[in-house]
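> Okay, here's what each chain looks like letter by letter:
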Amino acid sequence: MSMKKLKEALEAGEFTITAECGPPKGTDIAEMLEHAKHLLGKINAINVTDNQSAVVRIGSLPVCRLLSEMGHDPIFQLTCRDRNRLAIQSDLMGAHILGIRNVLCMTGDHVSAGDHKTAKPVYDLESVQLLQTVAALNGGHDLAGNEMKGATNLYQGAVVTPEANPLEPQMLKFEKKVKAGANFFQTQAIYDMDNFRRFMDRARKHKVKVLAGILLLKNAGMANFLNKFVPGITVPQELIDRLKAAGKEGALECGMDIAAEQVRTIKEQGIADGAHVMAIGLENKVPEILKRAGIA
Amino acid sequence: MIVSKAKERQDVINMLEGVKSVFLLGCSECASLCGTGSPEALAEMKESLEGIGKKVTGTFVAKTGCQVLGTKVELKANKDEVDAADAILVMSCGAGTQSMVEVFKDKKVYPANDTAFLGNMTRFQHFDERCSMCGECIIDKTGGICPVTTCPKGILNGPCGGTNNGFCEVSPDIECAWAKIYARMERTGELEKMRQIIPPKDYSKKMSPKVFVIEKKKEEK
Ligand code: SF4
Ligand code: SF4
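Chains as they are written, first to last, in the numbering used here: chain A, 1 to 296; chain B, 1001 to 1221.
Simulated from the structure, these hints should not be mistaken for lab results. The structure displayed is predicted, hence computed values, not measured ones. Ideal placement from N, C-alpha and C gives every residue a C-beta, glycine not left out. Accuracy of the hints is not assured; some may be wrong.
Unchecked claim - Coverage of chain A stretches by chain B, computed from C-beta distances (three or more under 8 Å per stretch; other residues unrestricted):
(1) 103-114
(2) 117-130
(3) 165-173
Unchecked claim - Distance ranges between label pairs, derived from CB positions:
(4) B:Asn1120 to A:Glu268: 48 to 56 Å
(5) A:Lys25 to B:Met1001: 38 to 46 Å
(6) B:Gln1125 to A:Leu98: 53 to 61 Å
(7) A:His206 to B:Glu1186: 16 to 24 Å
(8) B:Lys1217 to A:Arg204: 56 to 64 Å
(9) A:Arg202 to B:Gly1189: 21 to 29 Å
(10) A:Pro24 to B:Gln1125: 44 to 52 Å
(11) A:Asn227 to B:Arg1195: 26 to 34 Å
(12) B:Arg1195 to A:Arg197: 22 to 30 Å
(13) A:Arg204 to B:Ile1139: 28 to 36 Å
I would like the entire structure built from these sequences, with the hints used as guidance.
Printed below as a string of structure tokens:
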């Protein structure tokens, strides 16, 4: 089955599916490519993470290119943690000439979360300013106002945390990101549909597309970990109980059912414009989740 | 004030390898408040160095160690003690240490402290960093709270996704700068201002080394 690319799908008003590819640390990319192959024809676009959690891995850009050669529409995740404004702009132009057409603009996890804690974090820009930078390059000028020989053509995305606490400053930043040029948003993982609906009521006031973040729960332990250690993610007790009841063997199946139900609900009730399915290392399960959701 | 921390004593001893006699210089300003350059700190250092067989030729607490000319004049009275020392161990910030480098052209000068940051003393001998001297203050736009310094990512346009019930994802000991900024601007009725996008900072303003000369006002006729 041939899938529309991200921008086409969103603009056509189709329920859009994205998934994630996390490049490995090291040059053995066989497994990564295998997972990506599984997703061909099942998703509209694939995010490639950028030294996720501040852990050193292969760069996002070369992997985007490989996935694009494979037939995917990659989303180049770009953080401000590891590059200053010169490197950011040259990477954005580089992405364009490599045929990459989507960029997800993020500030990036702090180096203190990662595996090189003594590194110097850059943060010359942050997410809102990064969105402005992409908009400038798309308009044919660099951040200093210099004219470029050939503009970029990048579809700009950003992230938002619908369950952030406090929520109001997060919403204010969401609006700034819209103003700075974000076309689409991928959300942090959401589990409580009522909370998400309330968030979407506010997000819908803006002309942007929103993909709901669906994070596969592998077991009850993972759910508890998220609640305890990951700000902005809340897994309701009811889901934790379900995972527990499924037992050790059935937990993953149960988590896949939960993810599939979420995707189905969001699609059937038109809550958001699509779903961003994160399986963290279990990307090979994504096609099955989509099947259970009645999509693929 | 400039917050300084005493180096590990062993590091100081290693630094003084081959040095038989030292002159100790403290500072009565920040380093005294931090307890790293006070008369007590100097006395303790003297005792400790003598304990390992070094000779301490003299000690002096400068009024303001970063003031090069003033310190030079003050130290005239200690000329013989300084001359008799192989090296000067400076117990102030890095600026005070380099005042000595400038004054005593041929003398070895070593730092006893690590210079940490510009700090507010918020409780007795408890220092918080609130300004990192970026060269262009923008806190009129952020409710008087500096995100350049108090947000570990220096984010200028609102909280990241890691904001956590008023605390920062980077450490549970850090309050989220943007949660504080929002709360304060809400109280002061400035939330509208918070909607404006703050542009990237001009880091040329922070380029080192900096020089600043106060220009004399023209005499009024
Ligand atoms: S913006 Fe922050 S770092 Fe810059 S001068 Fe003001 S308080 Fe200091
Ligand atoms: S949680 Fe708040 S203070 Fe910490 S990095 Fe994010 S925005 Fe900055």
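> Please count how many residues of the region 103-114 of chain A have a CB within 8 Å of a CB from chain B and say whether that reaches 3.
Since three or more residues must qualify, the claim that chain B covers the region 103-114 of chain A holds, with 6 doing so at under 8 Å.
> Please check whether asparagine 227 of chain A and arginine 1195 of chain B have a Cβ separation lying inside 26 to 34 Å.
Holds - the Cβ-Cβ distance for asparagine 227 of chain A and arginine 1195 of chain B, about 32 Å, lies within 26 to 34 Å.
> Between the beta carbons of glutamine 1125 of chain B and leucine 98 of chain A, is the distance compatible with 53 to 61 Å?
For leucine 98 of chain A against glutamine 1125 of chain B, whose Cβ atoms are near 55 Å apart, the range 53 to 61 Å holds.
> Taking a Cβ-Cβ distance under 8 Å as contact, does the region 165-173 of chain A have three or more residues in contact with chain B?
Contact hint for the region 165-173 of chain A vs chain B: holds, 7 residues under 8 Å.
> At least three residues with a C-beta closer than 8 Å to a C-beta of chain B: is that true for the region 117-130 of chain A?
It holds, with 8 qualifying residues against the three required.
> Falls inside 28 to 36 Å, the C-beta gap from arginine 204 of chain A to isoleucine 1139 of chain B?
holds (34 Å)
> A range of 21 to 29 Å was offered for this pair. Does it hold for the Cβ distance of arginine 202 of chain A and glycine 1189 of chain B?
Check passed, 22 Å falls within 21 to 29 Å.
> When you take the CB atoms of lysine 1217 of chain B and arginine 204 of chain A, is the distance between them in 56 to 64 Å?
holds (59 Å)
> Holds or violated: 22 to 30 Å for the Cβ distance of arginine 1195 of chain B and arginine 197 of chain A?
holds (25 Å)
> May I ask you to test the hint 48 to 56 Å on the CB atoms belonging to asparagine 1120 of chain B and glutamate 268 of chain A?
holds (55 Å)
> Please test the hint of 38 to 46 Å on the beta carbon pair from lysine 25 of chain A and methionine 1001 of chain B.
holds (43 Å)
> Does 16 to 24 Å hold as the CB distance between histidine 206 of chain A and glutamate 1186 of chain B, or does it fail?
Holds, at about 22 Å.
When the structure is compared with the earlier hints, no violation turns up for any of them.
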